[in-house]
Structure formats: structure tokens, C-alpha cells
Amino acid sequence: MAVSTAPDGTPLWRRRTPRGDLLVWLGWLCGVALAVACFQFISDRTIWMFVWDAPQQGADLVGRMFPPRWEYAHQLWKPLWDTVNMATLGTALAVVIGVPLAFLAAHNTTPSVVLVRPVALIVIVASRSINSLIWALVLVIILGPGELAGILAIALRSIGFIAKLLYEAIEEIDPTQVEALTATGASGAQVLTWGIVPQVMPAFAGITVFRWDINIREATVLGLVGAGGIGMQLEASINTLAWPQVTVIFALILATVLVSEWVSARVRHHII
Amino acid sequence: MSATAAPFDAVAAARAWRPPPLIATRWLRWAIYLGALLYAVLGVATVEVNWARAAEGLERGARFLAGFLPPDFLTKREDILEGLLESVTMTVVSTAIGIALSVPVALGASRNLAPLPIYLFCRAIIAISRTFQEVIIAIVFVAMVGFGPLAGMLTLAFATIGFMAKLLAEDIEDIERAQAEAVRATGAGWFSWIAWGVLPQVKPRLIGLSAYRLDINFRESAVLGLVGAGGIGDTLNTAFDRYEFDTAAAILLIIIAIVLACEYASGWLRRWVQ
Chain A
1 MAVSTAPDGT
11 PLWRRRTPRG
21 DLLVWLGWLC
31 GVALAVACFQ
41 FISDRTIWMF
51 VWDAPQQGAD
61 LVGRMFPPRW
71 EYAHQLWKPL
81 WDTVNMATLG
91 TALAVVIGVP
101 LAFLAAHNTT
111 PSVVLVRPVA
121 LIVIVASRSI
131 NSLIWALVLV
141 IILGPGELAG
151 ILAIALRSIG
161 FIAKLLYEAI
171 EEIDPTQVEA
181 LTATGASGAQ
191 VLTWGIVPQV
201 MPAFAGITVF
211 RWDINIREAT
221 VLGLVGAGGI
231 GMQLEASINT
241 LAWPQVTVIF
251 ALILATVLVS
261 EWVSARVRHH
271 II
Chain B
1 MSATAAPFDA
11 VAAARAWRPP
21 PLIATRWLRW
31 AIYLGALLYA
41 VLGVATVEVN
51 WARAAEGLER
61 GARFLAGFLP
71 PDFLTKREDI
81 LEGLLESVTM
91 TVVSTAIGIA
101 LSVPVALGAS
111 RNLAPLPIYL
121 FCRAIIAISR
131 TFQEVIIAIV
141 FVAMVGFGPL
151 AGMLTLAFAT
161 IGFMAKLLAE
171 DIEDIERAQA
181 EAVRATGAGW
191 FSWIAWGVLP
201 QVKPRLIGLS
211 AYRLDINFRE
221 SAVLGLVGAG
231 GIGDTLNTAF
241 DRYEFDTAAA
251 ILLIIIAIVL
261 ACEYASGWLR
271 RWVQ
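From first to last, the protein sequence lines are chains A and B.
The opening position of the first sequence corresponds to residue 1 in our numbering, with each subsequent residue numbered one higher.
The opening position of the second sequence corresponds to residue 1 in our numbering, with each subsequent residue numbered one higher.
Some hints could be false.
[Unchecked claim] Straight line, CA to CA, 20 Å or less: simulated SDA-like cross-link-like pairs of lysine to any residue: (1) A:Lys78 <-> A:Glu235; (2) B:Lys166 <-> A:Glu235; (3) A:Lys78 <-> A:Val209; (4) B:Lys166 <-> B:Leu116; (5) A:Lys78 <-> B:Val47; (6) A:Lys78 <-> B:Asn50; (7) B:Lys166 <-> B:Ser192; (8) A:Lys78 <-> B:Ala40; (9) B:Lys203 <-> A:Glu235.
[What the hints assert, rightly or not] Here are a few chain B residues that face chain A, going by a calculated C-beta distance under 7 Å: (10) Thr25; (11) Leu28; (12) Arg53; (13) Ala54; (14) Ile118; (15) Leu120; (16) Ala124; (17) Ile125; (18) Met144; (19) Leu260.
If you are wondering where the hints come from, they were derived from the structure by calculation, not from laboratory data.
Predicted model only: the values in this text are computed from it and were never measured.
Just so you know, even glycine gets a beta-carbon here, dropped at the ideal spot from N, CA and C.
The following block holds chain B by itself, in its conformation from the complex:
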């Protein structure tokens, strides 16, 4: 039995089905694998790690974590509250301004609505706003308007424009043309056309994105304080600088809790809209 089975197995193995590889072209696949390997070797080799310092850090880390416990919510209660209020207000205002400004930019950045010059101009706004990390933009705004939540608010509003306008423009470019044309055929002007033919089609997406961006803006507002742009990050940075790790732990826990709440709320809102 086994003597006859062996060649059969070999044939079967040769003809056995294999899942198609992710990258279909053979040479490209191997080139990518090889390149990745080469890069991994080079990359890991050039990372300078001070292992002595890292090993020492483990012990330091243990002490550091001990410093985190128990979280101290009370000693700096007022500072934390002030920072939180700043973060929340920054988030709300920047999201509102950002959305209000991103809708016209999105309309301009949709190839099916806007003429080429306007399209390119709006796409350029989006590209600039999306390229730089919020923190870098915050540095520039802090240099311009001084320390405080206003700089943070401007930063977040600026970042919101790029994010919302890009995703919204993609959605506008995918709309059902027939509906928009039907509105046009009734003799509607440009504004009625946008308001009745285009916007209703992208409304669920607009609301979903707004909720998502609100969530992102709050999370970002927690770091802008590191460069002086106000918010809970300012309080957190101060706590770290003063080695008040128990207060820092409390702030981190509060951030996690609020982000969790935001996430649930925005998920619920998106389900409700769709």
C-alpha cells in the first residue's frame, strides 16, 4: 500500500492548490522580500542603543512605575480641571471651525464640481494641512499668537480642514450623478443644487467623520501642551517636569477614560446616522 502511495503523494503534492500570493509578479515579490531583509539588517544595525543605559532604565522604570501608583487625582485637582476644560473647549471650537471651513474646501477639491484652478488650489490646502504633524503646526502657531489654548485651537482647526476636506471630497466625487442632475434639471441654481442634490448624499459620511474628528481632536489636544499650546498636555508636561508621577498617572487615566467615552459615543452616533 505504502509503496504505491508514495509516488501518488508526490504527484498530488505537485498539483496541490496553493493560495495565490499577495504579490502576483514573481520577481517583484522576491525583490520586495530581499529588499525588506536588507533594510531590516541595515536598519537594526544603525540603531544606536545604549544598552547599559537601557538596562539601568529597567530598574529606574520599576521605580518610575511605583511612582505612578497610586494615581493622585486630588492634590492638583484644580490644575487638572483647568487643563481638561481647556482641552475640551479647544476640541469643540476647533472641530466646529474646522468643519465649517472644510465643507467649502471639500466642494472645491471635488473634480466633478469645481473647475481645475479651484480644484488645484483646494488640493494644495489639503496637502499642506495633512503633511505636517499637528505638533509642528502648533510650534508655528505658538510662535505667532503666543502660548495658550488659542494656538492649540488654531492648530487643530487647521488640521481638521485637511482631514475632513480630503475624505469628504472623495465621497463627493463618488456621488450618484443622476440625483444631482435631476435637481439641476428642475432649474435649480448652484446653491440649491449643492444643498439638495449633493449634500444629502454625503450627509451620513459628513456626520460620521465629524464625530471621528472630534475624537481625534481631543486626543491631539492632549499632546499640544508639550509645545505650549494649552490643554491637558500642558498640565501633564508640568507634572512630568516636577516629577509628580502620581498626578501624571491620574491625568493619563482621565485621558484614557474620556477617549473611551468619546469612542463609544461616536460609534453610537455613526450607527444612529446610518
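Here chain A stands alone, though its shape is the one from the complex:
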């Protein structure tokens, strides 16, 4: 809160010193310059002729997408069921692997800070940094197209997510409860089940449902690389330029995601 003086001697309130002002402006200038330079780079790689007729293209696309071919929906129930299955089973698998991993990674529960924790953290980061679509791409090559690749891709991506959020929750637990249990002479396993697990249970349920909700969204596109679900139909419809069918698929995806979001919001609302 710097004060400068007006020419007639009255003090003026200013938020920053002149130097601070200058630094803030410099920061903004650098940020904007970076963004503009980056945009220049993208612009060089864009054929602007195609962009200028985008409104026309867009209108044309919408024109071809309507009216939707609603009869096509009958062929979509099975893929939609598969999509939900991929998300749910993938999440379940990720929970089975992610939960022990979280306990290995948390500072206060890891068996060894020097040996085990870094390994667990590396597994978590590797799983988190690769998108499930890329996991699916790799798995489809190994396992062949189908739902199994999709389930595993969802699981591999979710392990890191669940483990990261859960280990942060474990590290934030109230240590006095654990201490009280230890003081009664409880063994390590007893401390875990009675002192730590009850404390992270709400967080765990919230994280799992949250990830399930995200996974429903991700599962809708895994089919684009051949990993089963409604994305396969989307890919086929786009490749045959059957845009009225694409509209139906979009509508179904929208409905599914809204339902899953509602479910997850309800569950999280109940827990918190």
C-alpha cells in the first residue's frame, strides 16, 4: 500500500509502488506477447482460405445433420451399454489397483519413503500423463479391437487419477486419531482399518464416482481408435458421411453424460 504525494502536498493512496506497477505491466506485456507469438506460429500453419468459409461449412454441416435419423438409435443401445460397461468396469479395475498404490504412495502409510514411495509416484505420474485414448491406441494394437482394450485403457488412465487424489487425502488425515489407536496397542493393520480407512472413506467414494463420471465421457470416444463402444459407430458414421446418424449419436452421448453427471453429483452431495 504505497502512498505517493500529489503536487499540492496531499497524500494519494495507490495500490502498488511505481516499480510494482511497472513490473505488473511488464508481466502482462510478456504474457500477451507470448500468446501473440504462439498464435502467429499457428496462423502460419493454417490455410486461412478454409477458415474464412467456416461459417458456410458450419451451416452446411448443421444442414446435413438435420433432421436426425432417429431409427438409427435402435442399433445404438448395445454400443451404449458397452460404453457404460467400459467406463464402469474400467473404474472398478482402477480402484482395485489404485487404492493399494495410494497407500504405498502416501507419506504416512508407505512402507518405505526411500524405496517404495518414489516407485509408486512414478507409476502414478506415468498413468496420469498418458490420455486414455493413447492407451487405447496402444492396447488395440496388442489385444486387437474390442471392449477389453477399452476397459484396460480406462483403467490404466484412472489408476493414476484415483491413486493421486486418494494419497493426498490419506496424507491430510487427522493424525491424533491414528495416535489414539496406536496408544491402545493396535497393530498396523488395525490402525489402518480403524484409524485411516474410515477417515478417507468419504473422499474415496467421491473420487471414485467423480472418475466414473469422467470415464463415461472418455469411453464415448475410445471407439474412434477401435476400442469398442459407441465411438465405433461414430467413427463409422463420420467416415461414411452419414451426418444424420452422427446427430443421433451426439444426442445419445449428451443424454448419457447428463445422467452420469446427475448421478455423480447426487452421490457426492450425499457424502460431503
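Guided by the hints, dock chain B onto chain A, whose structure is given.
Only chain B this time, still in chain A's reference frame:
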């Protein structure tokens, strides 16, 4: 001793404390357990797995993994560099545009600032932007503006708006009313009110979210290439299509390294802000 201890144990066991279950209502709890079991059976039963193909895949997988090693950073050096630059520029521009656009949307989507029609309109924008996976939005943008990083940039900017606006609006709805009112009481106009009464309260959150979104946008930019929207994903897809698995491995390693760096940087930034 043991003869008298046995009934005592039974009584004690009946009165022993149990942790309260996660779902308090008894019938709901059992209904959920039963439903989950039923679903698991149905779900697993309907998954069609070609086990012969999967078993064959294990051997194929071993060869595939062997193809990954050692990662080849050099042969396609220029393609990788080009893809990375595209990804990074896409990330920077889309995050900047997305944040700039998400602040007004967030203000409009806060019930304590905006009148109902504006509130509903902004919430609708958020809902649309959040529903569809980035890849689906990218397909539409590629169809509209053609292949290349511009489509990816537009996609990410669009997704950023929904993400940032939703979380920021939640934060704005939770602000301390007294501070905002105090600014209002000095006779400040609407813009001064927002700038001095509301924004300072949500600033740490805004910066934290921006850093987080930058991180997400980079990760997403790595997959948009699969549908032709530019970036390192394009290079990765090409490498897979040409069976150049060693180059693909190199690209995956680079992605992991950059995401790690981003994560550390954003964690550090968030700690510094708070």
C-alpha cells in the same frame, strides 16, 4: 475362567462399537450392494472378449514392447520438434483465449451477480462445453476449419471455457458478501465493484485453475492429433501408422516428461499464490 468369559464375550461382541456404514439407510445400502452385484454379473457377461486374439496379443505385445526399445529420438527429430511446437503453441493460445472468455461467462453464471436470464444462458454455455469430450468437439472443428493446429486451438479454448467458468463461478458464489458490499457502499460502479470487491477474492483460485488448465490443455493437445487437429498427437499417430514404434516410444516419453515438468511448475505456482 474360560467358562465365565464365554458369555461375557458374547455380550461384549453384541455391544461392540462398529464404524457407521457409509450409507446410513439400511434398505438403500443393501439395494445398492445387490444392484452393484447384479450389474457386475450382467456387465462382465456381456463383454465380448476374443480370448484367442488376446492370447495371441500377449506374444504380439512382447514384440511390440521390444519394438519400443530403445526409444528413437533422432530419426524423426524434426517431425517431433514440429509436433511439440504445435502442441505448445496450441496450449498457450487456447489457454489464454479460454481464460479471457471464461471470466465473463463465470461472472454471468454466478447467481449472486447475474440476473436469471443471463445466468441460464451462461450455464447453458458451460453445460454444452463440458458435456462433449474434447475429441468430439475437435471432429466438428476440423470439419469446419480444416486440418491443422487451428482446429485444435479452438477445441481447447472451447473446453477451457466450460471448465474454468464452472469452477470459477462456484468460487464467486462463495465470496464474502461483506467485502463486496463495502466496495458498493463507497458508490463504486459495476466495473469497480467487480474489479475491487469480487475479483481480488477469487484471484488465487483463478490463478491456480489457470495453471491446472494449462497442464490439462497440454495433455489434451497430445490426443487431438488423432482426429487431425494438429499437435504432437499427429506425429504420434503417424508414427503408429508407419509402425515406427521406437519413435512412438520417444514421443510418449517426451509427453510424460513435459507433463511432469508442468505438474511440478503448476504445483509450485499454486503454493506461491496461496
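Verification of the supplied hints:
1. A:Lys78 <-> A:Glu235: holds, 16 Å
2. B:Lys166 <-> A:Glu235: violated, 30 Å
3. A:Lys78 <-> A:Val209: Distance of about 23 Å is beyond 20 Å: violated.
4. B:Lys166 <-> B:Leu116: holds, 16 Å
5. A:Lys78 <-> B:Val47: holds, 11 Å
6. A:Lys78 <-> B:Asn50: The given pair, whose Cα atoms are some 17 Å apart, holds under the 20 Å limit.
7. B:Lys166 <-> B:Ser192: violated, 23 Å
8. A:Lys78 <-> B:Ala40: holds, 16 Å
9. B:Lys203 <-> A:Glu235: violated, 42 Å
10. Thr25: violated, 10 Å
11. Leu28: violated, 10 Å
12. Arg53: This interface hint holds because 4 Å falls under the 7 Å limit.
13. Ala54: Because about 5 Å separates alanine 54 of chain B from the closest Cβ in chain A, which is inside the 7 Å limit, the hint holds.
14. Ile118: At 22 Å from the nearest chain A Cβ, isoleucine 118 of chain B fails the 7 Å test, so the hint is violated.
15. Leu120: Since chain A brings no Cβ nearer than about 16 Å to leucine 120 of chain B, farther than 7 Å, the hint is violated.
16. Ala124: violated, 12 Å
17. Ile125: Violated. Min distance 15 Å.
18. Met144: With a minimum Cβ separation of about 5 Å from chain A (threshold 7 Å), the hint on methionine 144 of chain B holds.
19. Leu260: holds, 6 Å
The structure fails hints 2, 3, 7, 9, 10, 11, 14, 15, 16, 17 (numbered hints given earlier, in ascending order).
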